[in-house]
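Novice: Sequence:
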Amino acid sequence: MPGPDRPAGPPVAVGSPAGSTVGGEAGCRFHRSPNVLFPTAVVRVHDVGPRLVRVTLAGPDLAGCADVGLDQRVKILLPGPGADELARRARLAGESAWRREWAALDDAVRPVMRSYTPVAVRSRDAEVDLDVYLHEPAGPASAWARRAAPGDRVLLSAPHVRFGVTDHGTQWDPGPDVAHVLLVGDETSAPAVRGILASLRPDVRAHVLVEADDPADAPVGDVPGTVRVQHVRRRRGGERAVLGAVRAWAVEHGRSAADAGAGFYAWCATESATVARVRAELVAAGIQRSRVHAQGYWHDRARREAEPDDGAARA
Numbered sequence: 001m002p003g004p005d006r007p008a009g010p011p012v013a014v015g016s017p018a019g020s021t022v023g024g025e026a027g028c029r030f031h032r033s034p035n036v037l038f039p040t041a042v043v044r045v046h047d048v049g050p051r052l053v054r055v056t057l058a059g060p061d062l063a064g065c066a067d068v069g070l071d072q073r074v075k076i077l078l079p080g081p082g083a084d085e086l087a088r089r090a091r092l093a094g095e096s097a098w099r100r101e102w103a104a105l106d107d108a109v110r111p112v113m114r115s116y117t118p119v120a121v122r123s124r125d126a127e128v129d130l131d132v133y134l135h136e137p138a139g140p141a142s143a144w145a146r147r148a149a150p151g152d153r154v155l156l157s158a159p160h161v162r163f164g165v166t167d168h169g170t171q172w173d174p175g176p177d178v179a180h181v182l183l184v185g186d187e188t189s190a191p192a193v194r195g196i197l198a199s200l201r202p203d204v205r206a207h208v209l210v211e212a213d214d215p216a217d218a219p220v221g222d223v224p225g226t227v228r229v230q231h232v233r234r235r236r237g238g239e240r241a242v243l244g245a246v247r248a249w250a251v252e253h254g255r256s257a258a259d260a261g262a263g264f265y266a267w268c269a270t271e272s273a274t275v276a277r278v279r280a281e282l283v284a285a286g287i288q289r290s291r292v293h294a295q296g297y298w299h300d301r302a303r304r305e306a307e308p309d310d311g312a313a314r315a
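Residue 140 in the UniProt record's numbering sits at position 140 of the sequence shown, and the numbers go up by one each step.
Worth flagging that the hints you see were computed from the coordinates, not collected in a lab.
The structure displayed is predicted, hence computed values, not measured ones.
Among the clues, some could well be false.
Claimed, not checked - Derived Cβ-Cβ restraints for the label pairs, each shown as a range:
1) Pro137 with His168: 30 to 38 Å
2) Ala41 with Ala198: 24 to 32 Å
3) Gly164 with Gln295: 23 to 31 Å
We put the CB at the ideal spot given by N, CA and C, even for glycine.
Use the sequences and the hints to build the structure in full.
Specialist: What follows is the structure, encoded as structure tokens:
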């Protein structure tokens, strides 16, 4: 909400090209983005797993929401007075425009923004499904999802169909020659894993390592016989269990994956410190760094604070 010295200005024009109302760094960074700001409301909330909540958002504007699939990232802006103000000023505005409006809000009311991969985009029904894993201790999104109820207003930044087919917001880039892939994830990246698996050619072999407290919190959907899914039970304390699973995979498949060159691709998305270790293990097995995508989806600050600093270099 604008402060006393910041008058509310006119709403951003819906038809404006992305970035047309914005200068500076934000405008330069997002001026090619196909994302617009969709006002939505929660219509359904249900438990998928012990700590996984599916939130369905709906709104007439979502009929124009593009279904990109893969590991597409969209952003939600959590409810609050600042989000209501932003919805009035920047409905369907391009990403550069709405981000400037967002940045101009007072710190006390600026809505928290988080990234998610949609589980489903149903433009015919004007609905989007998001799975929210309930972290402990809870961050802003987990805390909101615990109490989310029909009628809650949520802003969604996602591609609009008017921009056509786009891969904006995706990181999956195996190339045309890939025949063997490794996916490493957890509860937070399970929707992305599901989207990637749905895109694979029938002849591509895939091995999936998913770390979770409970497999029900990391569903990856139905898979064909060419896909092997291995659920790795999370350990409390010590090294993350998924690292041992990656090493075991490398013993069996590392040499052939390294020899395959462009025929192999690894995609890793989990806790930020863990993905660096996963990439280091795969590179140590001889796989080219360029054939390994690694991205941190969240930060385990509580675990890092509990671990002693041994001064060792981290990958």
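Novice: Of the hints stated earlier, which fail here?
Specialist: Violated hints: none; all satisfied.
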